[in-house]
Amino acid sequence: MKEKLLKIFEEIFRTYGYRITRDTFFDLIAEREETIFIRYMRGDEKPEEINRNGRIIMMSLSRIEDSIIQKFNRHGIEIWDRDRIMYEIGKAVVQDLEGVSEVSPSYGISNYSISEVTDYMDAEKSDERFSREVIFLKTFPVRVSREEVEAKSRSEVGRVDRVILKLVPHWKYSFTISHTRKIGDRSVEINEEGNGFFNAVNGVEEKDIHGSLIDSLEVEGDYSIEPPKIPKDKAEEMIVDLILKRYTKKLKIKKLTGDSYIVETIVVKPSRKDLTLELDMIYLPVWEVSGQRGVAFYNATSGTLLEIPVDDDVEIIQ
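Residue numbers (my numbering): 1 to 318.
Any given hint could be a false lead.
Restraint ranges, calculated between C-beta atoms of paired labels, are given here [unchecked claim]:
#1 187 with 134: 52 to 60 Å
#2 145 with 280: 53 to 61 Å
#3 181 with 21: 55 to 63 Å
#4 261 with 232: 15 to 23 Å
#5 250 with 158: 41 to 49 Å
#6 78 with 292: 36 to 44 Å
#7 44 with 162: 23 to 31 Å
#8 190 with 22: 28 to 36 Å
#9 49 with 190: 47 to 55 Å
List time: in silico SDA-like cross-link candidates among lysine to any residue, alpha-carbon distance up to 20 Å [what the hints assert, rightly or not]:
#10 166 with 147
#11 172 with 250
#12 138 with 280
#13 252 with 146
#14 2 with 87
#15 46 with 280
#16 172 with 269
#17 172 with 203
#18 234 with 268
#19 7 with 90
#20 229 with 241
#21 207 with 147
#22 232 with 187
#23 166 with 195
#24 46 with 279
#25 172 with 212
#26 166 with 211
#27 250 with 223
#28 249 with 224
#29 166 with 187
#30 172 with 90
#31 245 with 212
#32 269 with 302
#33 166 with 69
#34 234 with 187
These aren't lab readings, by the way, just hints derived from the structure by calculation. Cβ coordinates follow ideal geometry from the N, Cα and C atoms, glycine included.
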């Protein structure tokens, strides 16, 4: 879907004399008197980090919440979601049929096959539950189908009203820690390395995430890409605190004082300078099942029922 959509708009702009190039960040760059940067949204974009001299359009075949659209608009970035794209393509087709020659380059489509575009639009109007789309972001594969999770969730939520796939942002972290402390005539060493996942929505460390990451995911039906609420710098602070607490040791040292022994407790705690940490944004696919008795969340890779909601404002009702 992504490539077909980009091809449509590539031909629209080329028809009106724009020079089209491909880019590693922006999928299309259209240049004439003005420069238009077009990117298909992956879901991890931060508007404050997107800075170009020209018009910027972010596209998505999903329906985007108004709050997110407004957030990008405040940074001078246009969001064309599913409804806007349908409108733009539809208007282009109508204007072409009417023989309108002097139209905005956002709308013209004269040299592109109208039948292909209308076929595309008709396909998009079909039942969303069975429409397919490929999205590009680091995630885990969906191994548990919508039908499987709907069947297994009935014991939790009763009658199922809605099933939606949510791609929940997580900070994947890897670390090494090295700390040495002299206590009397002995050395206490802490040398560890590891990795983990930190939920970028509710700030909970996830302990049951396994599998290999992939760079794209084919989704079918209703889905949403959840925006992160915990930025990288804040997440780093919280993860550092978790790791340092995890590897803090309490040692009991037996000392001879006079004719008797005493036991002294010594805390060996590494510091921030003993730790190296790397963070990368990834997405965990989660099935959210709403039903008669509330809401349940399932890891869409393993099928595991999640004990803690992936959102920060959802309560499971029993």
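*So which of the earlier hints does this model not fit?*
2, 4, 8, 9, 11, 13, 16, 18, 21, 22, 23, 27, 28, 29, 30, 31, 32 and 34
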